[in-house]
Each structure stands twice: as structure tokens, then as C-alpha cells.
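Chemist: With the hints as a guide, bring both chains together as one complex.
Sequence lines, in order, name chains A and B.
In this note's numbering, each residue's number is its place in the first sequence (first place is 1) plus 125.
In this note's numbering, each residue's number is its place in the second sequence (first place is 1) plus 14.
The set of hints was computed from the structure by calculation and includes no laboratory data.
By construction, the Cβ of each residue, glycine as well, lies at the ideal position given by its N, Cα and C atoms.
One thing to keep in mind: the hints can contain errors.
[As the list claims (entries may be wrong)] Derived list of chain B stretches under chain A, where covered just means 3 residues or more per stretch with a C-beta under 8 angstroms from a C-beta of chain A:
hint, stretch
1, 59-65
2, 88-96
[As the list claims (entries may be wrong)] Residues of chain B clear of chain A, computed beta-carbon distances all greater than 10 angstroms:
hint, residue
3, Ala16
4, Lys20
5, Val81
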Amino acid sequence: MTLMHELTLTELVAGLRSGDFSSVELTRHFLERIARYDQRLNSFITVTTDQALAQAEAADRARAAGEGGPLAGVPIAHKDIFCTSGVRTSCGSRMLDNFNSPFDATVVSRLGSAGAVMLGKTNMDEFAMGSSNETSYYGPVKNPWDPSRVPGGSSGGSAAAVAARLAPAATGTDTGGSIRQPAALTGITGIKPTYGRVSRYGMIAFASSLDQGGVLTQSAEDAALLLEAMSGFDPRDSTSVDKPVPDYRAGLSADLAGVKLGLPTEFLDEGLDPQVRAALEVAIGELQSLGAEVIEVSMPNLGLSVPTYYVVAPAECSSNLSRYDGVRFGYRCSDPVDLEDLYKRSRGEGFGEEVKRRIMTGTYVLSAGYYDAYYLKAQKVRQLISADFKRAFESVDMIVGPTTPTPAFELGAKTGDPITMYLNDIYTIGANLAGLPAMSIPAGFVGELPVGLQLVGAYFAEDRLLNVAHRYQQATDWHRRAPAAFMQ
Amino acid sequence: MALTRKQVENIAHLARLRFSDQEIPALTENLSRIIDFVDQLEAAPTGEVLPMAHPLDQAQRLRDDAVSESDERERFQANAPATEAGLYLVPKVIE
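With the rest of the complex left out, here is chain B (with noise of 0.2 angstroms):
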């Protein structure tokens, strides 16, 4: 199925990727030509079968709802692009 230029605009919306302009024409075309590859998978004969999200047949395990992890709020934000006083900072989301 050949998609269109404003459905893939409205992907890459939903994706928050910014594309320029010169790009889009040749990413509709891969992206055409993989929708129509996988395309492929409506005939395959799947009536009642059960879909499979998961190679191992196994439940989720639970923990015990205790504290198992110490605070490293300083460690991890040293690998953030911009922080003040322990908060993560981005630009103004409210006027």
C-alpha cells in the first residue's frame, strides 16, 4: 500500500521525529515499500490461531513490594542535558 505524504507526516507526528522537508519523499517510498512487504502476512491462513506476544509461556513474577533500590538521583542526573536543583529542566510548558 503506498502511503501518502500526510499520513507520514502524521506518523512521524505520533513518533515525535522531525523530518525535513527533502527527506520525506524518499522515507514515504521505504516506508511504502515495507508496508507493502509485510503486506504479505494478510494471506497467511491464521483463522483461530492465538496470537503470540511471547516466546515463553510464563507468567509476570511478583516481588515483594520492598525498597530494593538506593536513591541515586545525582548519578543518573549527571547524564541529563540540563538539571537545577535535583529537577530536570525543559523549556517552558505553561505561558
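The following block holds chain A by itself, in its conformation from the complex (with noise of 0.2 angstroms):
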């Protein structure tokens, strides 16, 4: 007999329709298995086990009322940094450890009234500054794969529960390829759309004009389910589009015949691990089975996507971040003696050493006499990088690459040093810095570490990367392979 944590988020929506199950039989089940497993990899903050299985009783009421939305009755997780009402939202940060929002954010709201049950809320790196969800305030979240590994960052606990199977799927979100590389580094499909496509109401700021909301999941099917459920135009977002969303399931399984595929050979530098190499070549291979055309496309700016996010991306973050004051929400320092001082240690005690960092780099960038120099000029390289991309997809449908230069590296391996750090992001930036929506689906192992493959698509496209990610999946069976030590 299948297990219910064996099938996808597809299989147990079509499960509980069919009566297979009901929600509250699927919820328990997710619950127990974050209760047996988590102390392993530490991938929630916080467990709503109460409000879990009233809303699954709810959705099992609704549904024999012949009611409930596409999602009804299928638990998910959500990365704490999107707001929830009466559930506390930490951001990963102690600054927040003691929020609850008074409001949900727009994703949230959308996929409770899609039907959705929400099992907890998900570790993060502080702020969703980290590649490897070690500067979280609760910790670092272990990857399923090889427990002494990192699973990757910011939405690392997402990645990591989904790929344990503690939650069917979760919500992430990538600034500088916070979905992509921890869904690589695990073995899961992630994507991040077109900036604007989700609504970033109530999704804590980073860097705003970066920052874009997406899924974690088992496969592009199930992203497809749950992206379309919440997409959509939002007013309370100033950057919503107002663009109607497609049916992201009906194309899936469109005939790849004649899709062109653009390889960068920038992404092919000395910097790509030769074993994640040979199993990229090995999925480009498939995809040229299948039907795609691979074209080698030159992308002479994306070498510059590294330097150019860390001078926008600081930048923003110390803008955004100045609003954690010790005044209105969140911590603040124990008897301060005037003003300046309650600023002043609330942000240096409440803060971690990367967002402080962070916030140091973005004010030295736009204080007097430096902003031309670092913020304007990043600002004019983000248009040649984004004039690369333009100028691929005039001759080629998708960008296809690596998702991560390696595999999961050991846990503590890159904290010393920042900048080596910030460079496992060399391949996911550029979709950020140009607002484009891209994926990482699971390609093959290095050992026992799973290997990702990027699309990078044009604006709006989201629909094409899906349809080449589940072609791909149907012909290989990566995608469904889940770490032993967490499938009994």
C-alpha cells in the first residue's frame, strides 16, 4: 500500500476527492512525521498542530457539503516569512521572535481560501539573507539527504520538509535564488516567477525590487497546483501585475518538439563542479530526446550578477530594515538610556551577524559621495544583465543550466567567509536581478547528493517552464526519489 507522504500534492488532492483519505487523516499524518523526524533537521519553527486540524475538519465539512476550493484539505507549509495571523511570524530573526502578525499575508489568504491547511511555518535564514540556513535565529536546518550537510538558503526549511516528506509541499521565496538553490541542494522542484506575479503583501521585505514569492514541491505538476492557486493581481502590492493567470496545468504536457533551449557558456566556468556538470550534460542530453534544441547563447554581463546583487540588494535591505526600531513591534533592548541608545542596541541585539552585515554594505553604498559609485553603477549593470537575457530570447525560448556551481556543502564549511558564501548564487541572480521566472528540478546525484537543473524564462513564461520541467520529469524519475532515512 502507498504511504500518504509517498504521493504528490496532485495525488492527494485526487486522493481526498476521491475519499481515499480525509483531511484530517492527512493532516495527522503530516503531523506525526514532523513530530518523529524534525528534531533531525530542524526545518520548522513553529508547528500549528491545533489550527492544522481544525482546518482540516473544516475542509472535510466543506467537501461533504460538495464544497472547497481546488486545494481543499491538503496540508502545505509556509516559510515564516510570510505574515500569519495569530501564529507568530519570526522571519528567522530574534527581532521578530515575539511577532504575530495582525494580518495574513495575500499568499496566505489565497491558499486558505483555496483550501489549503497549513502545517507550521518553516526555518529560514534571518531576513532570507543565507544560502545555507545557518543564520537563523533558531538554528540550522539540516539537509534530509546527508544530515551533516546545509540544505541550502533562505527557504531551507521548506526544502528540507518537503524533501523529508514532512509537508506535501511549502511556500518559499528567492531574492537571489533563496527557492532554487535549497530545492537543488535537496532534490525538489522549486520556482520562482516573474516578478510581480505574486503578490509580496505581508511577505517580509528584503529587497523589494527582488524579492518574488514561489512554491517548493515534488514535481512541476504539483508547483503548477499550487502557483496558480496563489498567483494574481493584488492592489495592496504596488508591484502586483495586473495580468490575467493562465491555466498553468493545461500545458503541461505540451509536445517539446521545437523548443529551443539557450546554454550560456558563461555558466559553464571553471567555477561548475566537473561531477554537477556531467550530470547537467546528461539531463541536457534528455531534453534533446525529447525534442528540445540546446543552442550555446553568450551572456557577457552574467559574470557581474554576484558584485551587482551585493551592492542592490544591501542596499534595499537597509532601507527596508530600518523600519525595526524597538518602537512599534518586535524586540527591544532591556533599559535603554535615551533614544539613540533603544535604536541602537534593539538592531545590534536583535539582529544577526549576516543582517547586520548586510545592513553595513547598504548604508555604506548610499551614503554621500558613495552612491554613484556602487548603487547607480550596479544599477546601470543590472540593465546589461538584463539586456543579455532580452537578447537570448530573441533566438531561444528558455535559458537551461545549473541550478548550483556543487552539491550541498558541509554544515560551518562557508560561514567563515562571506564572499564564498554569496558566490553559491552565481547561476540564480541573474533571473532575480532581471525579474525573470525560473526553476530548479531535480537532474541526477553527485553520491548521495541530489544535483538541480535551472530554466530561466522570459517575462510571464512561467507556463513554458513548467511545461519543459514535467516533460522532463515524465521520462525521468529523479524527481521521486526521497531520502531512505526518512521514508519508513
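Modeler: Listed below in C-alpha cells is the structure:
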């Protein structure tokens, strides 16, 4: 008999519909798995047992009455960056350890009204700043494939939970690779849609011109289901795009004959692990045998993505995080002598090391005398990088390449050197700078560690990415592999 | 470019962040390395390129000037470290 956690989100929706199990049974099953396994992973910051069971009961009642949305009764987890009314929203920070949001993020309310049950809030790098989930105030998350290794970040809790099947799917956010990189390192599927596709309302801001919500799932089909339910125009987000959401599942099985995939030669640099490259080449061969045409393209400015990002993102972060002042909400230091002491110590004690480093970098690049040399210059290079993509899309339908330069690395291996850590996102950051949709899908292993294949599409071409990913997943079974230690 | 301790202390003041004396040397070194790293942008041929502030070329939407939110002061202040009579409390600013 197939166990409930061995099923994909799509299969669980079907199982609920045909009455194979109730939402309460399903929810209880995943809550038991979290209780049994999560001390090994630390993937959840908060588990919402009572609320989840109440939502599951409501979903079962709705179903009995012939009602319920497209996700009625399926449990999912939310990254702890999405505000949830009545449930602490920490953003992985001591600063918000005591924060109870007065409202729900649009992503949370949309998935809630589609019928999804929330299992809890997942661990993450503090304020989504990190690529290994080691900057969380609540401790690092472990990779279910090898607990001595990182799951990637910043959506590392969501990725580890889905990879270990502690949740069928989870939400995430991606500012420089924070959905795709952990998806790749844990062997699951992750998609960051076009900037503006998913509402940022109630999604705690890091770098507002780069941040975008998305999903981490077992398959492209699951990603299509979940992304469709959470996407769409939201008047509460000033950068939300007023454009209808297509039926992402309708085009999943379209034939790949004639689809042109561009492989940037810049992605195959000396930084790419030879074994990851070998896996990538096999995956590209598979896509070719499915009918896709692979063409080498050149994107000469892509190499400047990481330095550009480390000006733009810290600049926006230093501005966004100025709201944490110890006055209206969040952490306040004890016994401040005056207002300046209150600000400085509340922020000094409430933020962790990496967050403070980025606020400092951002403050520096925006300060008088340096603005033109750093921030303005970075915005110009951002334009060049975006133009590289535009030019590539004149001859190809999407970009294909590796998601990360290496498989998952050991905990602590890169915490001593910020630059080495930043270079993990070398292949993912370009899509954020340009605002393009991008996804990572499992594409093989190096030893016991999963490898991800990245696809980057033109604006609002999520449907095409999902189509290519789905066809690939029908021809391969990498996405069905799960870490044995968590599958008993 | 290597930052000086004085520069780092000034940035920390602008950012309203308190660091201990012991934290400053490592912070100075790390920030200097980050600034060195982003300095490679200087060589990029940007000429007349327009700066890109935002991925989507769209204007900010305007909305009608109408009340859309209700008064939720009590719910919001429930998160505040210190309030009194509907006001946020801070240390005395004027002696």
C-alpha cells in the first residue's frame, strides 16, 4: 500500500476527492511525521497542530457539503517570512521572535481560501539573508540527504521539509536564488515566478525590487497547481501585475519538439563542479531526446551578477530593515538610557551577524559620496545583465543551466567567508536582477547528493518552464527519489 | 578598498547599530572584502546605459483617495514593547 507521504500534492488532491482518506487523517499523518523526524532536521520554527486539525476538519465538512476549493484539505507549510495572523511570524530573527502579525499575507489568505491546511511555519535564514540556512536565530536546518550538510537557503526549512516528506509542498521566497538553490540541494522542484506575479503583501521585505514568492514541491505538476492558486493581481502590493493567471496545468504535457533552449557558455565556467557538469550534460541530452533543441548562447555580463546583487540587495535591505526600531513592534533592548541607545542596542542585539553585515554594506553604498560609484553603477550593470537575457530570448525560448556550482556542502564550511557563501548563488541571481521566472528541477545525483537543473524563462513564461519541467519529469524519476532515512 | 575603523563606526552610527569593540575588527575586515568584491563593477562598460531600478517597466498605480483600512490600533499596539493610553512609549527625548 502506498503511504500518504509517498504521494505528490496532485495525487493527494485526487485522493481527498475520491475519499481515499480525509483531510484530518492526512493532516494528522504529516503532523506525526513532523513530530517523529523534525528534531533531526529543524525544518519548522512553529508547528500549528491545533489550527491545522481545525482547518482539516473544516475542509472535510466543506467537502461533505459539496464545497471546497482546488486545494481543499491538503496540508502545506509556509516559510516563516509570510505573515500569519494568530501565529508567530519570526522571519528567522530574534528581532521578530515575539511578533504576532495582525494580518495574513496575501499568499497565505489565497492558499487558505483555496482550501489548503497550514502545518506550520518553516525555518529560514534570518530575514532570508543566506544561502545555507545557517543564519537563522532558531538554528541551522539539516539536509535530509546528509544531515552533516546544509539544505541551502534561504528557504531551507521549506526545502528540507518537502524533501523529507514532512510536508507535501511549501511556500518560499527567492531574492537571489532562495527557492531554487535549496530545491536543487535537497532534490525537489522549486519555482520563482516573474517579479510581480505573486503578491508581496505580508511577505516580510528584504530587497523589494528582487523579492518574489513561489513554491517548493515534489514535481512541476504540483508547482503548477500551487502557483496558480497563489498568483494574481493584488491591489495591496504596488508592484503586483494586473494580468490574468493562466491555467498552468493545461499546457504541462505539450510536446517539446522545436522548443529552443539556450545554454550560456558563461554557466560552464571553472567554478562548476565537474560532476555537477556531467549530470547537467546527461539532463540536457534527455531534453534533446524529448525534442528540444539546445543552442549555446553568450551572456557576457552574467559574470557581474553577484557583485551587482551585493550592492542592490544590501542597499534595499538597509532601507527596508530601518523599520525595526524597537518602538512599534519587535525586539527592544532592556533599560535604554535614551532614544539613540534604544535604537542602536535593540537593532544590535535583535539582528544577527549576516543581517547586520548587509545593513552595513547597504548603508555604505548609499551614503553620501559613494552612491554614484556603487548603487547607481550597480543599477546600470543590472540593465546590462537584463539586456543579455533580452538578447538571448530573441533566439531561444528559455535558458537552461545548472542551479548551483556544487552539491550541498558541509555545515560550517562557508560561514567564515561571506564572499565564498555569496558565490553559491552565481547562477541564480541573474533571474532576480532581470525579474524573470526561473525554476530548479532534480536532475541526478553526485554520490548521494541531489543536483538541480535550472530553467529561466521570458517574462510571464511560467507555463513554458512548467511544461519543459513536466515533460522531463515524465521521462525521468529523479524527482520521485526521497531520502531513505525519512521514508519508513 | 580597505575601510578604516573610523569609517565602520560612522556607518554603524548611520545604520543605528551598536557593535561591541571586539566585533569591530572582524566586521571591518569582512566589509572591506565585500567592498573589494563589488569594486569589480567599476570596470564594467556602462557608458550611457540607463540605471535599472526595477524589473518591470511600469508606472506606479494610483488609487482613489478613499478610506480602505479600518482602525486597528489596538491590534497593532499589542505587538509594541511599551504603550500607554494608545501611544507608543520611548525614553524621554526632551529633558
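Chemist: For which of the previously enumerated hints does the structure constitute a violation, in increasing order of number?
Modeler: Structure breaks no hint.
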